[in-house]
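Peer 1: Take a look at the letters that make up each chain.
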Amino acid sequence: MSKNAMTMTQKILAAHAGLDYVTEGQLITGNLDLVLGNDVTTPVAINEFNRLGLTKVFDKNKIAIVPDHFTPNKDIKSAEHCKLVREFAKKMEIVNYFEVGEMGIEHVLIPEKGLVISGDVVIGADSHTCTYGALGAFSTGVGSTDMAVGMATGKAWFKVPEAIKFELTGKFKKWVSGKDLILHIIGMIGVDGALYKSMEFTGEGVKSLSIDERFTVSNMAIEAGAKNGIFPVDDVTLNYIKGRTEREPKIFVADEDAKYSAVYNIDLGDIKSTVSFPHLPDNTRTIDKVGDVTIDQVVIGSCTNGRMEDLRIAASILKDKKVKKGIRVIILPGTQKIFLQAMEEGLAKIFVEAGAVFSTPTCGPCLGGHMGILAKGERAISTTNRNFVGRMGHPESEVYLASPAVAAASALAGKIISPEEV
Amino acid sequence: MDAKGKVLRYGDNIDTDVIIPARYLNSSDPKELAKHCMEDLDVNFLEKLNKGDIVVADKNFGCGSSREHAPICIKAAGVSCVIAKSFARIFYRNSINIGFPILECEDAVNDAKNGHELQVDFKTGIIKNITLGKEYKAQPFPEFMIKIIENDGLINCVEKGLF
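As they're listed, the protein sequences go chains A and B.
Position one of the first sequence corresponds to residue 0 (numbering that gives the first Met the number 0), numbered consecutively onward.
Position one of the second sequence corresponds to residue 0 (numbering that gives the first Met the number 0), numbered consecutively onward.
Accuracy of the hints is not assured; some may be wrong.
[Unchecked claim] From the structure, some residues in chain B lie toward chain A, with a derived Cβ separation under 10 Å:
| id | residue |
| --- | --- |
| 1 | L24 |
| 2 | N93 |
| 3 | I154 |
Note that these hints are calculated values from the structure, not bench results.
All residues carry an ideal CB built from backbone N, CA and C; glycine is no exception.
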């Protein structure tokens, strides 16, 4: 191992800190390409930002604010938060503020708008900011104070992480997708299995993963405690970025002799549909070991699985069928663009005819905000990312995490089943 | 800079959804948030808590969401510090950034039981379990983080030109 070998993440961080070399544990200050916030975290950031007495943000083009959690405003307090955020965005002339009607779930919207590309360093006051690792960017969730300081200075402090390498080979079997891969990994390494670390996904298996699947995998890196989850840049990445921005992607490649704290070899062909049982994402079981779990609600959407491919898979299962009588099925496209495309492709019609609701984009039910809260004792299967106690409503309700295919199949059966059984 | 108080002891993977449930995140007022601190984990938390008490937990404390509301509400409720075997990284940096002290010390956590009296010196990282008459040394903070905590948060550091 050469002395200066770095992981992909370390190379991006070094470049943004103006250093030739960084090593694990080193504290650095990095320049930011984008600072992100939502309607829950931005109000706290604004309070902190205002303490600095500044009249301007560091760069009005490099901040994005997406009110997506409790929007369209769920109650008066949320409306007041959104108003505060809206007025701040206007006063600071923030270019990338997205109002209801043009917004989407932030981590689906930001890449769609071309606001993050390969090689960027992005912080977001939302834990699922790690999603953009799918594009070969370093992106990580932070808190509101980091957002405030990022808006003021364009900088953030980072402790350089070490990395775990996931060497992927093979291809998924039918109905198995990126969601099953990441649930499998979290089940294997645990909810703190990658604490403070990068998860770097490599190997020839990567090329068989669509960009939507890569977003899903990177999105849930935080559920293993990781700082970021990153993919190498290939034609799939570059084709996605093309036409969305005038900026040039920067490609960083891990050194062959980079040091990893662990290496896992995963044959995608071995992965089965996987479900996380309450109340932690690492409490996983493969679909054949689920047993008899009846459900009250199905949620398909979120920053994890609210993209076109997710909706197409769900529609292919629900087409010309009816959801089980008495089961509430809520389908949320990730952005307005996806909403429109789902209409044009006839997916919206399939969902409504099957007896599901097809809603405007919102984080809503994923975090127990609105648009599908669970009562005491109720169970939901959901394509979202967390199943903590009380996550989707009453502290005595339960959330089971799964892929869009498993969620859609379960909607027809009223209990958790494999799409193969439909 | 030190703290003294009795232990409120919890387990592994205490997530931010139970520290401050999202149904209360339509407020950003620390006092309002503090009223619901740890509500979904322990409904009696606020009754048990005396100002200055210390939350002690096992591994991965504060996992989940990036909501700074979590350390904000713990601080505003009157907890003087959190000691755990490990912290989720966003909770860790949020605590540092708001100047709320947290310490990682496996041995102190293993011995601590509900009601034990602890004394913590943040500068040296020395934790004393007065009830047991034992002393432990936590992972010391790097200088950079001590600077943030001593200035009561990152914003003050920016204001003073220290960042």
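Peer 1: Of the numbered hints stated earlier in the document, which are not met by this structure?
Peer 2: none
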